[in-house]
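Next come the chains, spelled out residue by residue.
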Amino acid sequence: MKIIVLAPENDNHTAPIKWALEKAGHQVVCWAGLAWTGDGQATVLLGNDDAVVLGGHSVDPGDVIWIRRPEPPLPNPKTSESDKKFASLEYRSFYHSLVYLLEDLPVWCINKYSASRAIIQKSVQLRLARKCGLKTPATLMSNSPGPVREFLARDGSRSICKGFTPHVWQKDGHHSVAITETFELRSEQLPADEVLTYAPAIYQEMVVKEFDVRMVLMGTHIYSYALTNTKKALDWRQDAGLGHVTVERITTPPDVEEGVLEFARQAGICFGSLDFGVDAQGQWSFLEINEQGQFLWLDQFNRDLKLQEKFCAFITAPEGSTAPLEDREDLFPALHEYEDLLSREQVPPTARPRTDDPFLSMEA
Amino acid sequence: MNADKRVLSRIGARELTEEEVEAVTGAFKIQHTLTPCFIDKKQQLLNGDQAIGECGG
Numbered sequence: 001m002k003i004i005v006l007a008p009e010n011d012n013h014t015a016p017i018k019w020a021l022e023k024a025g026h027q028v029v030c031w032a033g034l035a036w037t038g039d040g041q042a043t044v045l046l047g048n049d050d051a052v053v054l055g056g057h058s059v060d061p062g063d064v065i066w067i068r069r070p071e072p073p074l075p076n077p078k079t080s081e082s083d084k085k086f087a088s089l090e091y092r093s094f095y096h097s098l099v100y101l102l103e104d105l106p107v108w109c110i111n112k113y114s115a116s117r118a119i120i121q122k123s124v125q126l127r128l129a130r131k132c133g134l135k136t137p138a139t140l141m142s143n144s145p146g147p148v149r150e151f152l153a154r155d156g157s158r159s160i161c162k163g164f165t166p167h168v169w170q171k172d173g174h175h176s177v178a179i180t181e182t183f184e185l186r187s188e189q190l191p192a193d194e195v196l197t198y199a200p201a202i203y204q205e206m207v208v209k210e211f212d213v214r215m216v217l218m219g220t221h222i223y224s225y226a227l228t229n230t231k232k233a234l235d236w237r238q239d240a241g242l243g244h245v246t247v248e249r250i251t252t253p254p255d256v257e258e259g260v261l262e263f264a265r266q267a268g269i270c271f272g273s274l275d276f277g278v279d280a281q282g283q284w285s286f287l288e289i290n291e292q293g294q295f296l297w298l299d300q301f302n303r304d305l306k307l308q309e310k311f312c313a314f315i316t317a318p319e320g321s322t323a324p325l326e327d328r329e330d331l332f333p334a335l336h337e338y339e340d341l342l343s344r345e346q347v348p349p350t351a352r353p354r355t356d357d358p359f360l361s362m363e364a
Numbered sequence: 001m002n003a004d005k006r007v008l009s010r011i012g013a014r015e016l017t018e019e020e021v022e023a024v025t026g027a028f029k030i031q032h033t034l035t036p037c038f039i040d041k042k043q044q045l046l047n048g049d050q051a052i053g054e055c056g057g
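Heads up: the protein sequence lines correspond to chains V and E, in order. Numbering-wise, the working numbering puts 286 at position 286 of the first sequence, and it's gapless, one number per residue. Numbering-wise, the working numbering puts 1 at position 1 of the second sequence, and it's gapless, one number per residue.
Derived by calculation from the structure, the hints in this document are not laboratory data. Incorrect hints may have been included.
What the hints assert, rightly or not - Derived DEER-like restraints, expressed as beta-carbon distance ranges:
#	chain 1	residue 1	chain 2	residue 2	range
1	E	Asp4	V	Thr220	50 to 58 angstroms
2	E	Asp4	V	Lys78	42 to 50 angstroms
3	E	Asp4	V	Pro348	47 to 55 angstroms
4	V	Glu248	E	Glu18	27 to 35 angstroms
5	E	Asp4	V	Ser142	15 to 23 angstroms
6	E	Asp4	V	Glu22	49 to 57 angstroms
7	E	Glu18	V	Ser80	46 to 54 angstroms
Claimed, not checked - Quick partial rundown of chain E residues pointing at chain V, CB under 8 angstroms, derived from the structure:
#	residue
8	Asp4
9	Val7
10	Leu8
11	Ser9
12	Arg10
13	Ile11
14	Gly12
15	Ala13
16	Arg14
17	Glu15
18	Leu16
19	Val21
As the structure is a prediction and not an experimental result, all values here were calculated from the model. Beta carbons are placed, not taken as given, at the ideal position from N, Cα and C, and that holds for glycine.
One chain only, chain E, in its complex shape:
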């Protein structure tokens, strides 16, 4: 990754482990549907027409 061409949040983003990848992208296959965070693809991501960030901290 060329850090001079990417947004700061991508530079600081966390590369997921295989286990974490499964939790995030494997969501369509599993029924564990509750997480504290919206980053999961299985969540409804929009409220009305505005995005809600729930991964601040």
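For reference, chain V alone in the conformation it holds in the complex:
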């Protein structure tokens, strides 16, 4: 059995996890995604003996495929200008033929691509969460001014606004940067109707939080962490990046655990990072899930959590195993050991600059 990671080797989660798995004797290979270059090429052979090859690595029965973060298909730049549009669509179609096929092979996909595509949609996840018994805030997604004004005019309820995707605006020639963030919005603050049609947005009943919870789902195992934001910001994420958050393991309430496991079962996923807000009454409200959400940063805040070790134990266990991950987590080295090597440049650096960042806009 080998582990195939669909992500660049220097992805910030792939690199330490691959290192930890290899330290424990597992075979790990990476495929960054479909590309014209040799290591990006792929083949599907359908016949008496079906075969799938990703960048020179055959997909074999019993393999584990972690669909972490494959890069978008990359056609050959030397393709004739007249053919580029066609080639690009062909690359995209072939890519989809590959990744959807994987879940039909005798391998374990974390997660199945089809499931991941559906559950990443915020409307789908909120509705499914509610169906599975989780408390969810009232939510409106719209680009229609009338319903937006009506939603914001609800009695006795505060509201927030947030985007579907993150974005950064940088002033041309300046160091000044603005980022999308969840913000409170009152009806009297709404701009002209036309502005509401410029971009759809998510309008949501505000959960007045005592603290946030980041939950990590690994199979039937659920780990919840209370995030206490010393700045009390509505949106803790940027503050966490700056170290203004403390992270502490907490017990998941049984009804929430039951709801999350049912959610995962119905969504067809076995792994993900979930966000909850917990109010003064101790009620947990589901906010969102990212099926390939970041989780190793939690280890940086609190070494005792051992999420790197737990994840390694998870993907090397048999699919569907319910055995405690803690039983095997000590087989794998910790994130701080990797980071120590990283600081001494004894392992390659992670991440890399992108020149075509789709979430960055320049403004005057």
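The hints should help you fit chain E onto chain V, whose structure is shown.
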């Protein structure tokens, strides 16, 4: 900024402090590569061909 001409999310966007700007845009220089949020330029931003928003809350 003329609020009548900008999307609501830009109107509500958070202007970063210098320290925060460094954390976001200085990413190419640093090795602190793990954040809970995708807004960082050093992250891989796409999964397949679909964007993943991880900054909702």
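Does the nearest C-beta of chain V fall within a distance shorter than 8 angstroms of the C-beta of Ile11/E? holds, 7 angstroms
Given a hint of 42 to 50 angstroms, does the C-beta separation of Asp4/E and Lys78/V actually sit inside it? holds, 46 angstroms
Under the criterion of a CB-CB separation shorter than 8 angstroms, is Arg10/E in contact with chain V as hinted? holds, 6 angstroms
Chain V contact restraint on Val7/E - CB to CB distance below 8 angstroms: holds, 4 angstroms
CB of Asp4/E to CB of Ser142/V, is that within 15 to 23 angstroms? At 19 angstroms between Cβs, range holds.
Indicate whether the distance between the beta carbons of Asp4/E and Glu22/V respects the range 49 to 57 angstroms. Taking Cβ atoms as reference, Asp4/E and Glu22/V lie about 56 angstroms apart, which means the hint holds.
Any CB of chain V closer than 8 angstroms to the CB of Leu16/E? holds, 5 angstroms
For the restraint on Asp4/E, tell me whether the closest CB of chain V is nearer than 8 angstroms. The hint holds - Asp4/E has a Cβ within 8 angstroms of chain V, the shortest such distance being about 6 angstroms.
Satisfaction of the hinted span 50 to 58 angstroms by the C-beta atoms belonging to Asp4/E and Thr220/V: holds, 51 angstroms
Cut-off 8 angstroms, beta-carbon criterion: hint that Ser9/E touches chain V: Nearest chain V Cβ about 4 angstroms off; hint holds.
Range agreement (Cβ of Ser80/V with Cβ of Glu18/E, hint 46 to 54 angstroms): holds, 47 angstroms
With 8 angstroms as the cut and Cβ atoms as the points, is Ala13/E at the interface with chain V? Cβ of Ala13/E sits 4 angstroms from chain V, so the hint holds.
Checked against the numbered hints given earlier, this structure breaks none of them.
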